[in-house]
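Given next are the chains, with one letter for each unit.
2 protein chains.
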Amino acid sequence: MTTPEYAHELRNLLLNGEGEIRRDLCASLPEATLAEILTDQPPQSVWGVLSAMQPWKRAAVFGYFNLDFQVYLTENIDKDELADLLTVMSADERVDLFKRLPDEAKESVFPLLAKAEREDIRKLSSYEESMAGSVMTSEYVTLTPDLSVTEALEKLRRQWPGKETIYYAYVIGDDRRLLGFVSLRKLILARPTAHVGDIMKAEVVYIRAVDPREKAAELIAKYDLIALPVVNGGAALVGIITHDDALDVVTEEATEDMLRMASTDAEEYENTSILQSIRLRCPWLTLNLCTAMLSSFTVSRFQDTISQYVILAALMPVIAGLGGNAGTQTLAVTVRGIALGMIPVGKGRKVIMREACVGLLNGVIVGSIVGIIAYFGFHKPWIGLIMLLAMVCNLVIAGLIGSAIPLALKMLKLDPALGSSIFITAATDVSGFFVFLSLATLMMPFLH
Amino acid sequence: MTTPEYAHELRNLLLNGEGEIRRDLCASLPEATLAEILTDQPPQSVWGVLSAMQPWKRAAVFGYFNLDFQVYLTENIDKDELADLLTVMSADERVDLFKRLPDEAKESVFPLLAKAEREDIRKLSSYEESMAGSVMTSEYVTLTPDLSVTEALEKLRRQWPGKETIYYAYVIGDDRRLLGFVSLRKLILARPTAHVGDIMKAEVVYIRAVDPREKAAELIAKYDLIALPVVNGGAALVGIITHDDALDVVTEEATEDMLRMASTDAEEYENTSILQSIRLRCPWLTLNLCTAMLSSFTVSRFQDTISQYVILAALMPVIAGLGGNAGTQTLAVTVRGIALGMIPVGKGRKVIMREACVGLLNGVIVGSIVGIIAYFGFHKPWIGLIMLLAMVCNLVIAGLIGSAIPLALKMLKLDPALGSSIFITAATDVSGFFVFLSLATLMMPFLH
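In the order they appear, the protein sequences are chains A and B.
Per the working numbering, the first sequence runs over residues 1 to 448.
Per the working numbering, the second sequence runs over residues 1 to 448.
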């Protein structure tokens, strides 16, 4: 395995080495390593190295580049070379690249592809990015139930080059209806004269192409699959999703959740320019400005109280800070719980009540600490009591809102993580300040 | 595939059905589905169904239960039955369960296991949970380079039952030194008389057992592997990590990051009692209390200014809210960037400068909006100017601290996500209030 310390020498040899050593390196290094070394090098250098590879290896290395770099590289080759490259690429990587090509490149290269590749691109590009269909590939092996084991193994052998996985073969009937699957392991262990229909497993886990792509990853994880068959509305097999794509989906979804919860977006990793980051984050900050004005307005209603007892202004950050933190805790647990499928439909109310309970008890504990500190700090028992009561209310509200917002977004079929932290901070700030300052106003006669 | 609507009927048939239909269901349903139906049912019912299965299927279904439920179920069987179950379970699931058994169960069942299983448990249980060694399994096929392809296929066929994956076989030399690997695909396509040593791939991606388990998942994702070999300090093969375990690791690590960033822990999903949640969250809230007191102290230094111009207290939540939000955005981008390996060693300074720039520009935009609103809202140009300046300072600090804290934690070999949100809110609150109220004090003469 290539260790990072050698990366520099390897890059140097690959980019500037003699023809022979370059060819040797291209032949012996794994595709992912070659792609890593070549990423973000000047296009001429990259094509120089890629041209020293066999076509299938070139396509595999190319497929490891991120899409932006792939598109950028295609600007430096003519349409015939591009057509050759697209033809050899794996079906799912091909359609991803094709979708991102500029319109004129699409139009000029499409007629140069063979009919099979053209139809494949049409079929695979018809699904939205969030659907299972968008991550599937059309490279899998199919068998029919009437084949003997010997014939099936022969067919597998013939179809091997270029198939993403051959460890599962799918058994189809009329109109490509999915009937079952058979593993290579089973085929090799079976009697040569047995029929595929007899040894296949008919209880097959599948997904529909329009289902969410997270569901595909969930099924692959749950059933420990190497590949998951994808069917259309008519139960016909249209593709498979492989275990490595499931890994990518899980990683991407986790990133998306985490960044959306923090009010920005996973797009941050696609384009790292400062202006892009601002474009993604600024609208949320502006929204936050509006919600912060609500808090501001709440506090401004109590100017008389504060002007009489300015120490209240100094205690406000404690109320806001703990409410925000408790809300974020609840939010993270709920958002992740939804993503992991741990909150069943209809159990939302129970989750909200549970979080309110946690908020109540944490509020009593933390509120007591802060109450005691306030009591001894200011020698005013009433301040301690106000802090305790405000803290309890605030943490209960943090528990209620922190769990209710993502659950409500989920019910509305929106992303449960979407900007939730802003709404929760707004809710805890407004309610925390209101309770704290209302109590202070009521108890004002006793404060002096 | 089983759809949720049938779950109720299926559970009923499984738990209360006649012997024959129960056996049929046990034989035909996938293991994951059976485990899902049986989870959290009373132990007697679960064992009633499990006993209707073949031993290998019983062990597989049992392995799908979560560990708490597994341990709970073992309390209802005697030590001989437990030993039988452990013997048939897959090696990685066996050691996970064994580690969680009460000490007396461990002591009584250990002598009943065969020598091979005892040594296996000893070997696999010697790694910490965060290490690659803790997720590996000892069930893989090894070959030696001198075997012919025919002999190799024969050996694979013999070793098949009970091996987690047979699609890759590992080639070892003296002292189990890892020499290379060969895929089943390659073996089947090769000339029967060729030697394993000639057709094996010597450029093999591997991991050391003491490396972090995230790294194993990274390698499996990067090289699209079905399994990754694990070696010890002496480069000897000690296990493999399979693609489905990598998927679990990625999911767990993402959960851990998200919850730690929000100041709680992934443990929240292991034990869902309210008291456990409080135990995990309350210490962080108490820490937050201490940091909030810093903000409180900062504000209290400016009591004179606030008492003269109470509207400042009403504007404080805007400063704190936006600083906190911008800090969370930076934090999420940085923590996830580190987790995805997108921030190379030594590039930390560049990331921090970039985030400060984003903060500066966002500060100018949002600060201008808030300045204009404040100007028209209060008809005091100075308030608008103070808000603009404070906002710019605060968002620059949010960018600096939001990226510097996780990077520093990473350098200290701690989890970059650990409670970061508390420290960042503290930093933005203290600095935001300080700048805002200092400016207000300086400009006080012009405010009236």
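These are computed hints drawn from the structure, not numbers from a lab.
Careful, some of the hints might be misleading.
Copies of the same chain look alike in the list, so a pair counts if it works inside one copy or between any two.
As the list claims (entries may be wrong) - Quick list of in silico lysine to aspartate or glutamate cross-link-like pairs, DMTMM-like style, CA-CA up to 25 Å:
(1) LYS215 x GLU139
(2) LYS410 x GLU268
(3) LYS115 x ASP146
(4) LYS350 x GLU268
(5) LYS79 x GLU252
(6) LYS201 x GLU31
(7) LYS347 x GLU107
(8) LYS186 x ASP174
(9) LYS350 x ASP174
(10) LYS222 x GLU129
(11) LYS410 x ASP84
(12) LYS155 x GLU214
(13) LYS347 x GLU36
(14) LYS99 x ASP224
(15) LYS201 x GLU267
(16) LYS222 x ASP80
(17) LYS410 x GLU104
(18) LYS222 x ASP146
(19) LYS410 x GLU256
(20) LYS201 x GLU128
(21) LYS347 x GLU75
(22) LYS79 x ASP40
(23) LYS123 x ASP84
(24) LYS222 x GLU9
Inset, instruction - Just pull the numbers of the violated hints for me, sorted ascending. - result: Result: hints 3, 5, 7, 9, 11, 12, 15, 16, 17, 18, 20, 21 break, sorted rising.
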